[in-house]
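Chemist: Given next are the chains, with one letter for each unit.
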Amino acid sequence: MQLLKQMLPSAALAAAVAAALFFVVARRWRRASRCAGAIAIGAGYIAGHVLVAGCAPFPPRSATHWLFWFAVIGVIGAAADALVRPNGRIRLVTWAIICTTACRLILQPKFSYAWNAAEGWLWVFAIALGVVDLTCCLDLIERRPFGPATLFSVATVLCAGTCLALILSGSLLLGQLACVLIAIAVTCFLLITVTGPFHPGGAAVPLSLVCAGLLLSGFFYAELPAASALLFALAPAGALLPLGKESSPWRTLALRTASVGVPVAIAVALAFQASPPLAY
Amino acid sequence: MKPFTLVVALVSAFVLSADAADTFKVDPVHSFVLFSVQHLGIANTYGRFNDIAGTVVFDRDNPSKSSVELAVQVESLDTHNSIRERSLKSPDFFDVKQFPTMTFKSTKVEGSGEMLKVSGDLTIRGVTKPVTVDFKKGGEGKGVFGEMRGGGETRFTIKRSDFGMNFELGEVGDEVTIILSLEGVKK
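Sequence order for the protein chains is A and B.
For the first sequence, my numbering assigns the number 1 to the initial residue and increments by one for each residue that follows.
For the second sequence, my numbering assigns the number 1001 to the initial residue and increments by one for each residue that follows.
Next comes chain A alone, as it looks inside the complex (with noise of 0.2 Å):
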């Protein structure tokens, strides 16, 4: 109970900045909806990461305050990406380099206290290839039919997953961080489905962005399973599976998203096993 009530305003908070932009963005300003999805994430988290975390100082001096910077660069992406949109293969590089660069920030202290550049930059490399791996496939989501309503549902899934088990890992701020990524995303959902299909879009980077810096502290500065980290990174490959004939589209996104939940669902549940009691 007092977990929740920690968590409740930051997620307020950031459901409430992410509603106005979204709405703002995607139905006042059209030129932008191409990029409303990305606004409306980075800055929801921005606002939760400082009611919780306090604002990040510049330079970062942890892989926490560089969250808070991830979900910046992810907007300024998702903004360069909806004006100049590139051809498939530049945009891959692109993503490619934005996380190849996050990785090697995030993983500084790795650097200074364990590892020789070559084992450092190989980790990097590896990580990398999950994270845009996950970049990739939340983009592929939204870019379907249905594709909006369908990446929030799944990103809910996901950030739900991922701060349960962050908890579990023995971080509850890192836990609190991914609450508000679960606001930001059901409330982006409720207003997909409520105020009728509209296709703001670039959350996919933002989203990525932030998620997977919060899985990389979570493994490697938290407790959080390897296996658990390369289950939620992956998860979302699970809504791009065929389902055969289409159906509905609200059964579709059922569907897509319990393809997600399953391996949340397992990633969570290694994080249960692996984590000692919670109450001291």
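Watch out, some of these pointers could steer you wrong.
With a straight-line cut-off of 20 Å between C-alpha atoms, the simulated DMTMM-like cross-links for lysine to aspartate or glutamate are [to be verified]: (1) A:Lys5 / B:Glu1168; (2) A:Lys5 / B:Glu1171; (3) B:Lys1108 / B:Asp1022.
Stretch-level coverage of chain B by chain A, calculated; a stretch enters the list once three of its residues show a Cβ under 8 Å from a Cβ in chain A [as the list claims (entries may be wrong)]: (4) 1032-1039; (5) 1097-1111; (6) 1119-1129; (7) 1159-1168.
It is worth saying that the hints were derived from the structure and are not from the lab.
For every residue, glycine included, the Cβ atom is placed at its ideal position computed from N, Cα and C.
Based on the hints, put chain B in the right spot on chain A.
Modeler: The following block gives chain B in isolation, referenced to the frame of chain A:
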């Protein structure tokens, strides 16, 4: 004795006698870093760090030439409860995997006799802040193996939020009282 050897011996003797400072290596077995912090505004919770290392240079004739350098391994945190330690070592508080060491390096030592005012840079979680503490000098004497020992103690208060430790400021107090008791072996 050759003249050159004589000169070297005389110069060495002068240099050694001019340097009245004693260097003590911190004895981790007889040194303690204890802390207390309010929990829920109800009572204090206590803890300690078991791994401390460092050097104290003490010049009794001119204390301003003294210096202190200490390093504490955060992983050695001990609060008599492994679940609380897990939480304190996590990114929520000390973030031990990103910031494994806390350090103190003196910049100025003032005073004479038993009480010294030691100013220096305290680094916790990668944030360095200046602090000034009143250090009460203890006694000096010989250990069981004939080694020369010296020590002292200080008690001071810091705000954890000054060092970027902002999480659960309502539930866990902001002010942390630190007791540092040092015993060193003369080199």
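Chemist: Are the Cα atoms of A:Lys5 and B:Glu1168 separated by 20 Å or less?
Modeler: holds (12 Å)
Chemist: Please count how many residues of the stretch 1032-1039 of chain B have a CB within 8 Å of a CB from chain A and say whether that reaches 3.
Modeler: violated (count 0)
Chemist: Under 8 Å between beta-carbons, do enough residues of the stretch 1097-1111 of chain B, three at least, approach chain A for the coverage claim to hold?
Modeler: holds (count 4)
Chemist: Within a Cα-Cα threshold of 20 Å, do A:Lys5 and B:Glu1171 meet the stated pairing?
Modeler: With Cα atoms ~12 Å apart, A:Lys5 and B:Glu1171 stay inside 20 Å; holds.
Chemist: With a cut-off of 20 Å on the C-alpha distance, tell me whether B:Lys1108 and B:Asp1022 pass.
Modeler: Holds - the C-alpha atoms of B:Asp1022 and B:Lys1108 are around 17 Å apart, at most 20 Å.
Chemist: Per the coverage rule (Cβ-Cβ under 8 Å, at least three residues), is the stretch 1119-1129 of chain B covered by chain A?
Modeler: holds (count 3)
Chemist: Do three or more residues of the stretch 1159-1168 of chain B come closer than 8 Å to chain A, measuring C-beta to C-beta?
Modeler: Coverage by chain A holds for the stretch 1159-1168 of chain B (4 residues, Cβ < 8 Å).
The structure shown violates just one earlier hint, number 4.
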